[in-house]
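Enquirer: Each residue of the sequence shown is one higher than the one before, starting from 1328 at the first, in our numbering.
Note that these hints are calculated values from the structure, not bench results.
One thing to keep in mind: the hints can contain errors.
[What the hints assert, rightly or not] Derived Cβ-Cβ restraints for the label pairs, each shown as a range:
1) 1515 - 1444: 49 to 57 Å
2) 1493 - 1554: 25 to 33 Å
3) 1402 - 1361: 26 to 34 Å
[What the hints assert, rightly or not] List time: in silico DSS-like cross-link candidates among lysine-lysine, alpha-carbon distance up to 25 Å:
4) 1356 - 1477
5) 1477 - 1440
6) 1356 - 1440
Think of the CB as a built atom: it goes at the ideal place given N, C-alpha and C, for glycine as much as any other residue.
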Amino acid sequence: AETAVRAPRDLLDAAATEALRQVAVAEVKEVYESDPRVAAGVEQAIIAAFDYLNQVREAALTRVEQAQLFSARHPQLGNTPVAALLDASADQLEHARAAALEVARVAMATGIKPEALDVQRARVSPQLAAAQVAPGIRPGVAGLVADALKPNLVHSAAETARRRLAAAEGVELVRIPRGSYILRAGDIVTDRHLELLRLLGMLQPGLNVRAWSAAFLLALGTVLFHGAYLYAFKPTVATDSKKLLILSVVYLGVLGISRGVGGLSWYLAPAAAGTMLLTTMLDGQVAMASGMAMSLTVGVMAGGEFRVFAVAAIGGLAGVYGVSR
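The whole structure should be built from the sequences, with the hints applied where relevant.
Expert: Take a look at the structure:
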């Protein structure tokens, strides 16, 4: 950029706001809700497995028949773990049963996602070892617990969407204050700079019909206002070409200077200086009327800022009053 460009008015930076919203949404993790019925089912499955084991152990069958009967319901265990369970003492099985239920309760309380089921099953054996379950029956007990475990965390698409919407709505709008730099001299112009300039109406690829139409109507209104006022109340000025030239030069000079200093601040518009010149060279009433039109035009040039219009109008009236005293 050859010259610096400042924002002539406050601007909502929609692109930056949207980028922050996307970051906020991305930080919201998927929401999973726990299903208590699954935990109850897991506990019942472990209790049923140990009850069935005791029934098989007490059945009047040979050890081979007992192993075949228990393996038929729990084929995932294998022959060696099943044999160890059948040969274990009652005290060992009672302790293993309590430890298995505790391991399952902790796992379900923590929550198991479908994709984390295998990881949780792999943790069962070390947890049983920590609970001092007999090493001989530990593989069989771990197999029973692992088989009973089920995912109890269900993905909630609705709650996830609700939280992400709340996160997006909670992002503060990014605003570019009036007077802030859009471009500094020497900056490389990027697509973002071009977008901001376009939003501010400072970059037009072609003829801006609306802007030119508004400028034409404003100029026409200003001319008609001055003409009507002068012919109605100051005919001596309206019929004097020299006075009309003075009025035109001062009026256009104030607008030109205002446009030049607008990049710094529109409040520097020299409306007071213009009305002081008109009061001195023409008439206080003419200066007052022209000053109001001048202030309105400066306010429009500043992007429709009422405060700029008000400051320029007050300054113009003060200029008339100061010279007229």
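Enquirer: Run every hint past the structure and note whether it holds.
Expert: Tested hints:
1. 1515 - 1444: 49 to 57 Å: Hint holds: Cβ distance 53 Å, inside 49 to 57 Å.
2. 1493 - 1554: 25 to 33 Å: 59 Å, violated
3. 1402 - 1361: 26 to 34 Å: 30 Å, holds
4. 1356 - 1477: 22 Å, holds
5. 1477 - 1440: Distance of about 9 Å is within 25 Å: holds.
6. 1356 - 1440: 14 Å, holds
Of the numbered hints listed earlier, the single one contradicted by the structure is hint 2.
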